[in-house]
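**Student:** Read in order, the letters of the sequence shown correspond to residues 1 to 258 in full-length UniProt numbering.
Keep in mind that the hints are not guaranteed to be accurate.
Unchecked claim - Under the rule of at most 30 Å between Cα atoms (straight-line distance), these lysine-lysine pairs were calculated in the DSBU-like manner:
| id | residue 1 | residue 2 |
| --- | --- | --- |
| 1 | Lys28 | Lys232 |
| 2 | Lys73 | Lys193 |
| 3 | Lys83 | Lys73 |
| 4 | Lys155 | Lys193 |
| 5 | Lys28 | Lys80 |
| 6 | Lys250 | Lys130 |
| 7 | Lys83 | Lys164 |
| 8 | Lys130 | Lys179 |
| 9 | Lys130 | Lys83 |
| 10 | Lys130 | Lys164 |
| 11 | Lys193 | Lys224 |
| 12 | Lys28 | Lys238 |
These aren't lab readings, by the way, just hints derived from the structure by calculation.
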Amino acid sequence: KINIFLQSWNTDSRKLPKNLQDMITVAKRHGLCLNGLAFSRNIIRQMPIWLHKIKRQHNNNVCRCLRKNHNVKMVGDAEKIAKLTHTTRHTNRRNCACTSCRNIRQNTECTHPNRCYDKAQELLNLLPAKWNPNSRLPEDYEPEELDPAGYRDGKTFDWRITMKGNLANTFRIFTNQEKNTSLPDTERTQINKGPTIEAYTDGSCIHNGTNDAIAGAGVYFPNKEYSHHAIKLPEYVKQSNQSGEIIGIKEAVETVDE
1 KINIFLQSWN TDSRKLPKNL QDMITVAKRH GLCLNGLAFS RNIIRQMPIW
51 LHKIKRQHNN NVCRCLRKNH NVKMVGDAEK IAKLTHTTRH TNRRNCACTS
101 CRNIRQNTEC THPNRCYDKA QELLNLLPAK WNPNSRLPED YEPEELDPAG
151 YRDGKTFDWR ITMKGNLANT FRIFTNQEKN TSLPDTERTQ INKGPTIEAY
201 TDGSCIHNGT NDAIAGAGVY FPNKEYSHHA IKLPEYVKQS NQSGEIIGIK
251 EAVETVDE
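Generate the whole structure from the sequences, applying the supplied hints.
**Tutor:** Dropping the structure here:
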């Protein structure tokens, strides 16, 4: 069974129970879709391999063999089959006598295991980097734990973008349902060895939540390494406390980075 929200075809929901019909209706109304900047390999491996945009490559005998004899459904299944080329003494021949090829010929109707290994790898190579378990992913360089802030009551900004857990954790509502397959590069190539700069930021808004709202932000450097800042938010930015807080942080970072 395939997750209904990952299918490339429309489901006739008229025969479904009323509660499931309502769920599908609400999901479509509020733009539910799979969404995230980057995903862990555990999530990537749970994606259906046949429902990616490479589905045009699937209508051939080798792919039918992968589905029927090797039970390949998910990206992780294809990955396991592709790795069988690394079996000890494996050769790229139809009559290869390595352990993997012998087992497959004996236990399935597959007559050319090596061809299936190659096709599985080909399918993986067609995946965009964001969904390819063989890509260099943000989880490869993101730390398991963040460094401590280094001063009292401080909190380290969590810059990690990898979504972890299971495939079910990746669905979001209130999206524009645009599919983005690009993979952000957040790897830090330079380590900041400069001094610790302490800054306080805040945002404020008059008449918050109304059409007459006016917001601003402030940055205060208690040790006077930099001059303090008071910012009035431009009109094209939403006037709110939250906007002011974000602008304040942005201003502090850009000031110290100069």
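**Student:** Run every hint past the structure and note whether it holds.
**Tutor:** Against the structure, the hints come out as follows:
1. A distance of roughly 39 Å separates the Cα atoms of Lys28 and Lys232; the hinted pair therefore is violated under the 30 Å criterion.
2. Under the criterion of a C-alpha separation no larger than 30 Å, the hint pairing Lys73 with Lys193 is inconsistent with the structure, at around 47 Å.
3. For the given pair, Lys83 sits about 16 Å from Lys73 by alpha-carbon distance, which is consistent with the 30 Å threshold.
4. Restraint check for Lys155 and Lys193: the C-alpha separation of about 18 Å stays at or below 30 Å, so the hint holds.
5. With a C-alpha separation of about 34 Å, the suggested pairing of Lys28 with Lys80 is violated against the 30 Å cut-off.
6. For a cut-off of 30 Å, the pair hint linking Lys250 to Lys130 stands: about 28 Å separates their Cα positions.
7. In summary, the hint linking Lys83 to Lys164 is supported, as the alpha carbons are separated by about 24 Å, within the 30 Å threshold.
8. For the proposed pair Lys130 and Lys179, the alpha carbon gap of about 11 Å is at most 30 Å, so the pair holds.
9. Restraint check: the Cα-Cα separation between Lys130 and Lys83 comes to about 20 Å, which is no more than 30 Å; the hinted pair holds.
10. For the hint pairing Lys130 with Lys164, the CA-to-CA distance comes to about 14 Å; that is within 30 Å, so the pair holds.
11. Distance hint between Lys193 and Lys224 is fulfilled; the C-alpha atoms sit about 20 Å from each other, no more than 30 Å.
12. Our distance criterion of 30 Å between C-alpha atoms is met by Lys28 and Lys238, whose separation comes to about 27 Å.
Going down the numbered hints, you'll see the structure goes against 1, 2 and 5, while the others check out.
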